[in-house]
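Going down the list, the sequences are from chains A and B.
The letter at position 35 of the first sequence is residue 35 when you use the numbering used here, and the numbering goes up by one with no holes.
The letter at position 97 of the second sequence is residue 97 when you use the numbering used here, and the numbering goes up by one with no holes.
Quick caveat, the hints were computed from the structure, so don't treat them as lab data.
Among the clues, some could well be false.
Interface residues of chain B toward chain A, partial, derived using beta-carbon atoms under 7 angstroms [unchecked claim]:
hint	residue
1	204
2	210
3	218
Every residue, glycine too, gets a C-beta built ideally from N, C-alpha and C.
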Amino acid sequence: MIHFEAQNLSYAFPQKKILDEISFTLPSQKITGILGPNGTGKTTLLKLLLGFLNPMAGKILLNHREMGSYPRKEIARHIAYVPQFSNLTFDLNVFEYVLLGRAPHLKGLGFESLKDIDCVKKTLQDLNIFHLKARFMHSLSGGEHQRVLIAKALCQNTEILILDEPTSHLDLKAALEILSLLKNLSQARKISILMVLHDPVQVSEFCDEVLFLNHGKIQAMGSVLQLMTEENLYKTFQVQTHIDKNPFTGKQRITLKI
Amino acid sequence: MITPKKIFFHVFFAVFVFGMTCLLALSAGVEFISPFHFLEPSFTPIGKLRLSRILLGVISGGSLALSGCVFQVLLKNPLADPFILGISASAALGATIAFALHLPYNAIILFSLLSALIALGIIIFVAQKKGPTASNFILLTGVLLGFLFSAIVTLFLTFATPYESASLIFWLMGSLSHPVPLSISWISLGIVFGISLFLFLKSYELNLLNLGLDEAHALGADLLKTQRRFYLLASFLTALSVALTGMIGFIGLILPHVIRKFWGTDHRLTLPLHLFWGATFLIFTDACMRTLSPYEMPLGVITALVGAPIFLWILWKGHPYQ
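Make a model of the complete structure from these sequences and hints.
Have a look at this one:
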């Protein structure tokens, strides 16, 4: 079981402190949602956790060892990242794109083996997007696109999956499909998922744990059932809500008081 | 999916066409001479002249196509070409200084190369200093350096004698007729093949960079090291090409687009193809020009005349990445 921990992480842009002494341990094999208002440092936190930015203070531990001491490829075999959208310069078809997810496992010139091909085929089938394999990335709908990004990350075969606002460009149906898919994947593949979400309803319905981030600090972190309260939502978003039980799912139902 | 067998098959075909083109270029000209006759002593001087052009064609065509492809991925810009970072303008400035000082031809090559290396040094320094996310900053720095060096060259042209101006303009427009000693050409060819081999061995990293920095990083790429390596080698190829043949435009912009259209975007396959198809295109164009006209035509102008319609055709046909 993987151990992933942030210890006293701080980061600042010139003249602006973004993150201040962030410490937490990623709950294993659970889905954790990060909630917070715009500009509070959610994306910066993800970039630090992925090693894309170096913290100004504090450290990140992967299996109790500082992440900076690992080779990049080794980290990519433990942690996969799903961006909001792909940023390809020259387009690829879905199969070629997902196959690049095998990069951390390849050696030498990077020629893929039959095992890698089978992994991609199986992942595409599991995510019901095998029929898209010859389509170019730019021709996909938002929901299809997001599934392909997740497929590439799954091909990395990691224990941790980090997603940056996976539902931000999707309509209601596509967003629910993606979140259900992530929930199933977390259980079936025993993956720990950390994702930034904007909608507390999505966190309430699909996440096991929640991390409230406000003004660069952790306001609260723990079980969604315990922490998704009117008080925490008000402290985070300055919005009045009413919370009761959703009769259909049994989770918290969030109603806006406006 | 790319396999070693597929790469071998496509590269073998490209090398075969390249070989045939070299034979054609050796024979073709104002007078057609069978390749077997070059073994006779009376044809040796013509053979050496044509061989020199072929060697320069490989060095320049291959280098420009390769570096164009690398720059388009590094700068995330389909309009990038090998001259965009000011390397060529810097090489032109070096050549201009050598022209102004009335130095012999070998010194022009040396000055041009050294001057291009200065621009290369500035680019590498900026890439190192600003980190992996600074492609726009590097691009702007290169464009501004290009403007600066071009302005100095134009200033020289304004005050130069008509003879000096004509010589320099012909040099700048690019040609395979530059009197480069065969020994320098052979050494340069070895360097180009060496760098190409190294780029081929690292070609998968270019595939990762095509994904964008965040994703490439998340897949295990060492961005700073990878980018620095590609900037350095692609810029050096450009510098070498401009020093030996002047500025032959359009190959570095067009060939990568044409190759992507037919062979896709996997650089493990396309990088070696850039080397051989770039060389083939330039040698073939030069051979055609030598055959059709007894006058020495500026090759940069001809490649632009051929290249612009091809580019328009690609644009109008619709490309997967547009």
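Hint by hint, here is what the structure shows:
Because the beta carbon of residue 204(B) sits about 3 angstroms from the nearest beta carbon in chain A, less than 7 angstroms, this interface hint is met. For residue 210(B), the suggested interface contact is upheld, since its CB lies about 5 angstroms from the closest CB of chain A, less than 7 angstroms. Nearest Cβ of chain A to the Cβ of residue 218(B): about 4 angstroms, under the 7 angstroms cut. The hint holds.
Of the numbered hints given earlier, the model fails none.
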